[in-house]
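Student: Chain by chain, the residues:
There are 2 protein chains.
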Amino acid sequence: MIIDLTDPDGDAHERIRTAAVLLFARQGYAATSIRDLGRAVHMTNAGIYHHVASKEALLADLMRVAQQGLNDATERMLATAGAPADRLALLIGSLTAVHARNPLTTRVMDGELRSLTPGSAAHDEIIALRDVYEAHWRRTLADGVAGGTFRVADQKLTRLALMSMCTGTSEWYRPDGDSTLEQVCAEFVTIGLAAVRAPAQVTTSPDYSLLPDFPWEPPDAHNDPRPDEARR
Amino acid sequence: MIIDLTDPDGDAHERIRTAAVLLFARQGYAATSIRDLGRAVHMTNAGIYHHVASKEALLADLMRVAQQGLNDATERMLATAGAPADRLALLIGSLTAVHARNPLTTRVMDGELRSLTPGSAAHDEIIALRDVYEAHWRRTLADGVAGGTFRVADQKLTRLALMSMCTGTSEWYRPDGDSTLEQVCAEFVTIGLAAVRAPAQVTTSPDYSLLPDFPWEPPDAHNDPRPDEARR
DNA sequence: AGGAGGCGACCGAACGTTCGGTAGGAACTA
DNA sequence: TAGTTCCTACCGAACGTTCGGTCGCCTCCT
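Order-wise, the sequence lines are chains G and X. Each residue of the first sequence is one higher than the last, beginning at 1 in UniProt numbering. Each residue of the second sequence is one higher than the last, beginning at 1 in UniProt numbering.
Everything labelled a hint here was simulated from the structure, so no lab data went into it. Hints are not guaranteed to be accurate.
Unchecked claim - Below, a sample of chain X positions facing chain G; criterion: calculated Cβ distance under 8 angstroms: (1) L23; (2) A31; (3) G38; (4) D154; (5) G177; (6) I191; (7) H222.
Think of the CB as a built atom: it goes at the ideal place given N, C-alpha and C, for glycine as much as any other residue.
All chains should be modelled from the sequences, with the hints used to inform the complete structure.
Tutor: Listed below in C-alpha cells is the structure:
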C-alpha cells in the first residue's frame, strides 16, 4: 500500500494526495505551492491541474475524506460499546491512536481548517463532519454526567481538554519511544477517566484494526523532520 | 496598556507587533502579507519596513521575546519551589495559565516555529530558548523519578503529553466558560500528578502575578474568531 | 480516431523588499 | 528671529519573483 510519489505508473490522484499531506503537514498549506507539489510527484504545475480542480479543493478533499474516515471508524467502534465510561475510553483511545498512527494527516486535519475559505461549501461541510464527530463526545459526556457516572465541573471544557490531549499526540508520538501505542492509549484512557472522576476500569484495549488507515499517510511519517525537537 | 492599532501617536513598533500577533495567530504567518499588517496599523507596506528589518525578523522578534518572557517567569516561580511534585504543579499551572491568558501569542509561539528559516540564527536562538524551558520539565520529571515520588513508564512521553495538554489550552479556553482559570489550572495539576502516579496534593495555587503579560496580546483576544467552533 | 495525461508558455495578481522623495519638527547657527 | 541642517517617520512607485490558474499542443494508449 506504500505509494511511490515519483512513479509515473501509479495513480496520479493518489500520488498528489500523498505529496499534499506530506507538504501541507511539513510547511503548512499557505507555504506550499502547486509547483512544490508538482516537484514532489515529478510533474509541472500545469500537470497537477489535470487531476485537481484547485489547490483549495485538494485540501478540502483531503480533509473531508480523513474526517469521514475518522467518523466512520468511530461509529463502528461505538456500536458495540455500552456504558458511558466504556464509550469515553473508546473515544479517547481511538482518537489518540489515529493521531499517533497518522501524524501528517491529522496535523493537516486539525490545523488547516482556517485555510479553507470561510463560508465556502467545502468549509461548511468539514465543519459539519467535525460536528458529527464531536457530538459523540458531547453525548457520551452528557450521558455519563446524567447517569451519575461522571462528575465534571464544565462539560465543554472537559471535552476540549481531553480532545486536545489526544490530538496533541500527532505532534510528539514516535513509535520508537519507550512506550507502545497501546500503552499510550491506555495511559490516556486512565487520565481521561480520572478527569471525569469515573472509577478506573480494566480497559479492553480497542480493536485497532477498525481504525481508519489513510492510504496516503507515508509509512515513514514519524521520521519526517519536524521544526521542533529537531536535534533530540 | 491596551494598544490602539490605528493611533498614529502610539509607539509604531508596538502597534506593528500587536497587529502581527493578531494576524499571525488568525491566518498564520505564511498567509499574512506585509500589506495586511500595514492595513491593520494604517500604514503602507513601505512604512512597515521603516520599523522592521524583514517579515521573518518580525516573527523571530515576537517569538524570542515571548519565549524569553515565559522562561523568566518560570524561573522566578520555580525559585521558591522545593519538591518535584511542587515543581511539576507549578510548571503545569503556569504553562496552562500563560496559554489561557495569551492565546494569540502562544499560538504563534507554538505553531510558527517552522516558519523560521531552518538553520538561521533566529531559528537556532528560539530553539535554544525553548530547550532551556523544556529542561525545567525534564529535570523535574527526572528528579521525581529518581527520588521515587514519580512513577512513569516513559519520561519523554509523559513530558510531551503533559505539555501538549497545557499548550492546547490556547485553542479552546474562554474566560466566559463555566470554569475559572484557577479551576482549569488546578484540574490540570491534578491530572498531571495522576499521570506521574504522585499523590494528589493540596495545591497552593500559583502566583499569577508572576506570569508574563505580553503587552501586545489584545484584551479581547478570546473573542477573536477561530476557524473551528465558530458557531458554538 | 480519440480521449487521457502531461508539457511549455503564459496570464494577472500578489508577494517581500527597495528606493527616492517629502512633511514636520528639533537643533543649531547667524 | 530667520535660515540652515539634520533626523524620524512615512509614502508612492517600482523592483524582481512567485503565486494560483489557464490554454494550446503534443504524445501516448486503446
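Student: Please go over all the hints and tell whether each is borne out by the structure.
Tutor: We went through each hint and held it up to the structure:
1. Because the smallest distance between the Cβ of L23/X and any Cβ of chain G comes to about 12 angstroms, over 8 angstroms, the interface hint for this residue is violated.
2. Annotation: A31/X was flagged as interfacial toward chain G, and the flag holds, the nearest CB pair being 4 angstroms apart, inside 8 angstroms.
3. A cut of 8 angstroms between beta carbons decides the hint on G38/X: the least distance to chain G is about 19 angstroms, and the hint is violated.
4. With its C-beta approaching chain G no nearer than about 4 angstroms, D154/X sits inside the 8 angstroms limit, and its interface hint holds.
5. The closest approach between the C-beta of G177/X and any C-beta of chain G is roughly 6 angstroms, which is under the 8 angstroms cut-off, so the hint is satisfied.
6. Taken as an interface hint, I191/X checks out: its beta carbon lies about 6 angstroms from the nearest beta carbon of chain G, inside 8 angstroms.
7. For H222/X, the shortest C-beta to C-beta distance to chain G is roughly 14 angstroms, which exceeds 8 angstroms, and the interface hint is violated.
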